[in-house]
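For this one, chain A is given, so just place chain B on it according to the hints.
As a plain string of letters, each chain reads:
There are 2 protein chains.
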Amino acid sequence: MATAQVMYDFTAEPGNNELTVKEGEILTIINQNVGGGWVEAQNSKGECGLVPEDYIQVSRFFVIRVCAYVGEEDDDGEWDEEWDDSRSTGGDGDTPVDEDGGATGHNLHSHRKRTLTDVGPVWLYPESPLDCVVADPKKGSKLYGLKSYIEYQVTPNTTSRPVNHRYKHFDWLYERLLEKFGSAVPIPSLPDKQVTGRFEEEFIKMRMERLQGWMCRMCRHPVISRSEVFQLFLTYNDEKEWKTGKRKAEKDECVGPLIFSTIDPEAPELDSVEVEQRCELFSKFTKSMDDGVKDLLNVGNIHWKRCTGPLPKEYQKIGKAFQNLSSVFNTSGYQGETTLTDALTAAGKTYEEIAQIVAEQPKKDLHFLMETNQEYKGLLGSFHDTVAGHKAAIDKVKEADKMMLAGKITTQDKVTMGKRTSIMSYSLQAEMNHFHSNRIYDYNRVMQHYLEEQIRFYETIADKLKLALSQFTTL
Amino acid sequence: MATAQVMYDFTAEPGNNELTVKEGEILTIINQNVGGGWVEAQNSKGECGLVPEDYIQVSRFFVIRVCAYVGEEDDDGEWDEEWDDSRSTGGDGDTPVDEDGGATGHNLHSHRKRTLTDVGPVWLYPESPLDCVVADPKKGSKLYGLKSYIEYQVTPNTTSRPVNHRYKHFDWLYERLLEKFGSAVPIPSLPDKQVTGRFEEEFIKMRMERLQGWMCRMCRHPVISRSEVFQLFLTYNDEKEWKTGKRKAEKDECVGPLIFSTIDPEAPELDSVEVEQRCELFSKFTKSMDDGVKDLLNVGNIHWKRCTGPLPKEYQKIGKAFQNLSSVFNTSGYQGETTLTDALTAAGKTYEEIAQIVAEQPKKDLHFLMETNQEYKGLLGSFHDTVAGHKAAIDKVKEADKMMLAGKITTQDKVTMGKRTSIMSYSLQAEMNHFHSNRIYDYNRVMQHYLEEQIRFYETIADKLKLALSQFTTL
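So the protein sequences, as listed, match chains A and B.
Heads up: the first sequence at position 67 corresponds to 67 in full-length UniProt numbering, and the numbers run straight through without jumps.
Heads up: the second sequence at position 275 corresponds to 275 in full-length UniProt numbering, and the numbers run straight through without jumps.
Only chain A is shown next, with the shape it has when bound in the complex (with noise of 0.2 Å):
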């Protein structure tokens, strides 16, 4: 079921069994070993014949390879221990962590490593992980300085070549991407339009890194990363090549539906009882999962704002009322209190210390814990569609027999609609365990982060107050 485009205009010469496309087209191919440069095709009308070859470019195959349950479970106590450690789950070592955090790239391809496992269909992905650096915000402007515009630097780890981009670049990829494979990938949203940061330089910054996590996320999964249009966008040569690539990806027929034709499951069909009760499963789960997701953001934002705002004040009115204090001391005209009152200070500007550090801490902590909650909210949304598509597919093909008694659909096309319906069963639970194995990872990634600078916080404040503790005089 592989599919091709066509590059350019061919019509057809009568009675040699070709067939007439134009550029844009979206064909599928029926035998490509038709041989002499020709290909046998259907276009989307049902009409077949001969296209030649290099007049088309058949699509890539997005292969989903199915992870066979091999070995038991009980048997063998590696087994659990391999897979409850989710070491395995994550990037390579070289992964870039961004220091920043939250914006970290990170490319799935561990599941051939899993080979013993039974979590269904996977897609293949690819040996070395496709990564980028969203960086270095520019201001740049056009129409002689009268429109100013922020241009991101994107560097992908394939060619270590920095490419530009505004972030409405970014949501005509955002848009391509929806358009191509919306359909079988739930495409997450680009960051808000409006973020909010008051200032500009503020602004900027938060939208790099949303960005940078949305670019990541994009990089990581299979078949967005080899996408056509995805690498344009990531290593585009000049502008020449960059516009007549735009050009070509807004004509792409294959698209909607069609993705489905490009993927092929190297599986025999799905058990469409199974399929049903996962999919079941997995929406139940997606729903617990946005109910928990918006509690602890719900939650985060309360504790965002205490950190923020009363909190620090009160440490620094604490840290005012013992400075104050060892002011007065120092009025008493009373000799030799100066240890006394040299410490109070100190211990006062401590906690003065210590409300900045209260006030700045979410930003170190916090922040990433409830960005990755943010994303996965967005995550979680886009699924929905992907989901109900799936689900619309399987009750048609449920009512396939009464509409082939009916007489509305051929036998053929029964058939056809089964095929390319297991096809969509694949590729969602494809889908599936892509998002667990990321959540894993994510989840696992993000709260090492918040506790580790939770940790930090606490000892740089015992520390701090240590110091202050050291200047009393022991009694």
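To be clear, the hints were calculated from the coordinates, so they are not data collected in a lab.
A portion of the hints provided could be inaccurate.
In silico lysine to aspartate or glutamate, EDC-like type, Cα no more than 20 Å apart, as pairs [claimed, not checked]:
#, chain 1, residue 1, chain 2, residue 2
1, A, 320, B, 290
2, A, 313, B, 314
3, A, 313, B, 295
Simulated coverage check for chain A against chain B, where a stretch passes if three residues somewhere in it have a Cβ under 8 Å from a Cβ of chain B [unchecked claim]:
#, stretch
4, 337-349
5, 457-469
Bear in mind the structure is a predicted one, so any value in this text is a computation, not a measurement.
Even for Gly, the Cβ is constructed at its ideal location relative to N, Cα and C.
Chain B in isolation, oriented as in the chain A frame:
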């Protein structure tokens, strides 16, 4: 200027130059060396005469030593060092420090070590400091169980023999001390009859702690601690002795301004201008310190409420959100995330524990900071009358010349007034120095305690978080 209290009625034999006196009357001793078992004394009406030595009890002298400033400040670094080192300010190393803090015994006897000072008059501190422990509150009842009360065990370090006292006994002691010493020594109020604390147990604990604090402060005072009534309270042997002692103390006529006749400054008269300056400085100081203390109490109260209210609730919510997410993850049906879900659950529980720690922390540190400041608020308030009484006496002395010219007082009266006022000045300055020295000790102690507990608090949380972190797999 020693005084004596009449023990038994004595009727003068006419023509023998004797003086008729009544039990409880206070006399001023004019000549103690008359011989033959007689002393020459003057009663409050100014009448003089001989009184049998056995019929009176010469009051104890409270000596004030003036620590003269010796040595050059800049000559010798060691001088400064000894001075700045509050180590020499506090009680000796044996002072029992109550584990519950706050109500810790402390006796000032360090001034003797401080001979190289110009702080001015200081009380003569006893060789071994008095101290006591208030503990073991027990419910008692009388009237066949109709009335119940709480008895506290008070154990002085001098006898190590506990005596029992009810709150009303402490109150009785307070009234006696106020009556007898109030003109010279600011007597801090007893803890409120109504202490906050909803539960009886909590109430009793709090009252005991505050009674302990009050008793310690009284023990520390060289005049109070050696007084007969205070000694009676601490060391009576049986009910009979207690009742007899009580009656005697209640009949004591050496009260109010007469207390100054029992004080013997071992020094020439003070420079009245300097005295006034010192007093004014002190008044300003107490006013400022009162403001500072109230400020700290205010801030502390707000902080207390946050730490016991909204803050732990937030940590609990964070904990619940983590655990909730973990439960959701457990329903994924995806294998190999038990490490993550277990760790996430543990992290959630850790934040619930942190909530508990946060909520209980103020009782461990802020409490004592608050109690000490609360105590000082009372102390500062009790100084007001003492300072005002002194100021009135000074003003009267200033008017003495005018009054003498107007024939309202005699030259002798003027001299007596001057001498008495001088003793008041000595006494007040000794009190001021006593206050400062205690203040340095107390604040040094309570700040250290606060910081130590705060450090323990932050370290405990950091340790708990480390444990939680260790449950996640390293990336």
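Here is what the structure says about each hint:
A distance of roughly 15 Å separates the Cα atoms of residue 320 of chain A and residue 290 of chain B; the hinted pair therefore holds under the 20 Å criterion. Between the alpha carbons of residue 313 of chain A and residue 314 of chain B the distance comes to roughly 18 Å, so the proposed pair stays at or under 20 Å and holds. About 14 Å separates the Cα atoms of residue 313 of chain A and residue 295 of chain B, which keeps this hinted pair within 20 Å; it holds. Counting residues of the stretch 337-349 of chain A whose beta-carbon sits less than 8 Å from any beta-carbon of chain B gives 7, enough to reach three: the coverage restraint holds.
For a cut-off of 8 Å, the count of residues in the stretch 457-469 of chain A with a CB near a CB of chain B stands at 8, and the three-residue condition holds.
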